[in-house]
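Chemist: Listed below, chain by chain, are the residues.
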Amino acid sequence: MTEPMTLERLRTLIAAYGANPARWPLAERPAAEALMARSPEARAALADAAPLDTLLDAVPALSPSPALRAAVLADMPRGERSGRIGWWESVRVLLQEFGSLPAVRPLLLASVLLGLFAGGYLDTGSDTDSGSDLIQLAVYDGSYVEN
Amino acid sequence: MADRWAQDAETGDPDLDLLRRIAKGDGAACAALVDRHLRRITGLAGHMLGNRADAEDVAQEVFLRVWQQAPKWRSGEAKFSTWLHRVTLNLCTDRLRRRRETALEAAGDPPSEAPLPDAGLQSAAVVARVQAALAQLPERQREAIVLCHYQELGNIEAAAVLELSVEALESLLSRGRRKLRELLVEELPDLTGSIS
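In order, the protein sequence lines correspond to chains W and B. Just so we're aligned: 80 in my numbering is position 80 of the first sequence, and the numbers increase by one with no gaps anywhere. Just so we're aligned: 81 in my numbering is position 81 of the second sequence, and the numbers increase by one with no gaps anywhere.
Since the hints were made in silico from the structure, they are not lab data. This one's a predicted model, so the numbers in the text were calculated from it and none came from an experiment. Heads up, some of the hints might be wrong.
[Stated by the list, open to error] The following label-pair restraints were derived from C-beta to C-beta distances:
no., chain 1, residue 1, chain 2, residue 2, range
1, W, 37, B, 64, 48 to 54 Å
2, W, 33, B, 166, 18 to 24 Å
3, B, 188, W, 75, 39 to 45 Å
Virtual Cβ for every residue (Gly too), placed ideally from N, Cα, C.
Pulled out of the complex, with its shape left as it was, chain W reads as follows (with noise of 0.2 Å):
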């Protein structure tokens, strides 16, 4: 059983975490809510607080663009071939990307396609795979930009 809270400890909980008690600590918050149930003067304390609370909320958090997530992830440890982003997770990110666009959709998939094919039936001579490098040569060319 948790120990009853003071109305002194429920103000400074208020004066520190705001309104919500959802923000209150959570080893707390049941002792807290049961003195705001039983208490007038708690619940004027936390009405009091409310509105800085609902000023705070007013600002949203920003959301990453996406040639944000395309940059950081342009910048991640080439490691070895073992290591390498594989081709399914390269065009998930190409579509996430730049997918939305529905001029770019078609393009992008003949485009995705016609990698698969060349590293699939061409001999290039090389020991690469040469879809999977395809892709990612797309995924992050520094100089793609997006209008």
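Given chain W's structure and the hints, the job is docking chain B onto it.
Modeler: For chain B alone, kept in the frame of chain W given last:
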């Protein structure tokens, strides 16, 4: 926001397996780690710096450090997400310091704190006003509020990121919120009314 990823059995760190794979050069593990953390790191930098360009620069720099650090990562010293938040805050602090120096050199030109472009038009003025108030907080107070309010870290992890005791964290938070109320007190009724 509770982590729902599978945790490493020994350390309780859900990122440890990915870090081990990244250390072996596993590109798919790199992509998975980026997908797990990039949004939160960009959000953290955005709330600290107040604009997209700087926040994205910092996020990219953070992941450069991740790629460098992954092969050397030792389990048991700190949770990876704690380290990630700390690196992000350090890079934001460096950038804010450079901004102040530039502003001083510009003889009083205050740094631009344009509202985040993700904000809707209706609340853009509110967002700008709150961001301006956040920007006026002492850095440690702002860090504490951003970690607990926006990143929704628990008090123990937020204190670990800031290398403080939980009591010291609560003191920073209280002073930060009190200062915000002072800065926004005249606008509080109008501002909350315009976004409700």
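Chemist: Let me make sure I understand: some of the numbered hints might not hold for this structure. Which ones are they, in numerical order?
Modeler: none
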